[in-house]
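Everything in the sequence shown is counted per numbering that gives the first Met the number 0, starting at 0 for the first residue and increasing by one.
Please keep in mind that the hints were generated in silico from the structure rather than gathered at the bench.
Predicted, not measured: the structure shown is a model, and the values here were computed from it.
A hint or two may mislead.
[Unchecked claim] Straight line, CA to CA, 25 Å or less: simulated SDA-like cross-link-like pairs of lysine to any residue:
id	residue 1	residue 2
1	Lys30	Ser144
2	Lys240	Arg35
3	Lys74	Glu133
4	Lys141	Ile13
5	Lys37	Thr66
6	Lys140	Ser48
7	Lys89	Ala104
8	Lys6	Ser265
[Stated by the list, open to error] Distance windows between CB atoms, simulated:
id	residue 1	residue 2	range
9	Thr26	Gln233	44 to 54 Å
10	Gln96	Thr26	29 to 39 Å
11	Glu51	His274	48 to 58 Å
12	Lys140	Gln254	37 to 47 Å
13	Asn167	Phe36	23 to 33 Å
14	Asn33	Pro108	50 to 60 Å
15	Arg91	Glu53	34 to 44 Å
16	Arg35	Val159	15 to 25 Å
Backbone N, C-alpha and C fix where the C-beta goes; we use that ideal spot for every residue, glycine too.
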Amino acid sequence: MEIMITKIQSMTGIGVAESLELGHALTIEVKSVNSRFKDIRVRLPHQFSSLEMEVRKMIGEGFKRGTFDVAVNLKKQQTQGAFAHVDATKVREFIYQMSELCSDAKVAPQVDICGFLRNEFYQEEIDNKEKMHEFFFATLKKSLSKLNEARVQEGQKLVVVVQEHLQNFKKHLVEVEADAADYQKNVEQKLVKKIQDFSTEMNLDKPRFLQEVIYYMEKLDVHEELNRLKSHIQKFENIMKGTQEVGKEVDFLLQEMNRETNTIGSKSGTEKVSHAVVAMKLQLEKMREQTLNLE
Numbered sequence: 000m001e002i003m004i005t006k007i008q009s010m011t012g013i014g015v016a017e018s019l020e021l022g023h024a025l026t027i028e029v030k031s032v033n034s035r036f037k038d039i040r041v042r043l044p045h046q047f048s049s050l051e052m053e054v055r056k057m058i059g060e061g062f063k064r065g066t067f068d069v070a071v072n073l074k075k076q077q078t079q080g081a082f083a084h085v086d087a088t089k090v091r092e093f094i095y096q097m098s099e100l101c102s103d104a105k106v107a108p109q110v111d112i113c114g115f116l117r118n119e120f121y122q123e124e125i126d127n128k129e130k131m132h133e134f135f136f137a138t139l140k141k142s143l144s145k146l147n148e149a150r151v152q153e154g155q156k157l158v159v160v161v162q163e164h165l166q167n168f169k170k171h172l173v174e175v176e177a178d179a180a181d182y183q184k185n186v187e188q189k190l191v192k193k194i195q196d197f198s199t200e201m202n203l204d205k206p207r208f209l210q211e212v213i214y215y216m217e218k219l220d221v222h223e224e225l226n227r228l229k230s231h232i233q234k235f236e237n238i239m240k241g242t243q244e245v246g247k248e249v250d251f252l253l254q255e256m257n258r259e260t261n262t263i264g265s266k267s268g269t270e271k272v273s274h275a276v277v278a279m280k281l282q283l284e285k286m287r288e289q290t291l292n293l294e
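Please put together the full structure from these sequences, using the hints given.
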C-alpha cells in the first residue's frame, strides 16, 4: 500500500481499525513515536505469522521515519458452541496415544476437557486462508490510513508552534540588526576621539592606529552573520511549507542558525544585543524540541 504524503507529518500517532468478517473479529493497532531512523516491531497471531514481511514492507513504503508498533488481535465470534470447530479426529488420536503411554508407564490417564479448546485441536480452515489474508490486509490498510491522518494532524499543530517561535526569533533579530549599525558607529567615534586625545600627548603613528581601528571595526561587524541568518530563515520557512521529509534538514538549519547567533553574541558590545541574542537562542531551542518530532 502506498500512502501519499501531502503535508508535513509528526512521527507520533496511532491508527486503530476493527473489522468483522469470516466469523472473526479483527483489531489492528499501529502506534508510532519519534526516532532518528525507522524501526518496525510486529506482533502477529499464528494465523498471520507468514505475513510479517509484507506488513513491514507496507509500513516501510508508507512512512519514512519513526518507531512503529503493530499489535493484532484476532477473535473467533462465538456464533456456535465452543466445541463446534474442535477436530474430533485429532482429539481421539491424542487420547489414544496418551492412553498407550500412560498404560506403559502404569499411571492413570487424566483428561482435561478444556484442554481440547487449544488451537492445535481446532479444524484447519484451509479453504478460508486466502480470504483471511485479504481480510487482514484490508483492515491493516484502514489502520495505516488512520495513522497517517493522525500524524498529519499532529504535524500541522507542530508546524504552527514552530512558526510562532520563528516569528519571535525574527523580532529579536530585527532588534539586533537595528542596534548593530549604531553600536559600530559609536565605537568608531570613541576610537577617533582617542586618537585626537593621544596625538596631543605622544608621538602616535596615526596611519597605523587607523589601520588597527579598521581591523577592530571589521571584527565587530555582524552584517555577514545577519545576512546568513536571513538566508537560513527563508530556507527554513520554505521547508516548513513543503511536503517532503523535513526533520533532518530542519535540524541542520537550526544548528547553522544557532552558530550564527552565537557569533553575533560573541561580537556584541551592548546589553541590548546580548539580551536579544539570549532570547534568540531560547527560541531556537524551542524550535529544535518541536522539530525533533517531525518526519
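Any hints this thing doesn't respect? Which numbers, in order? 8
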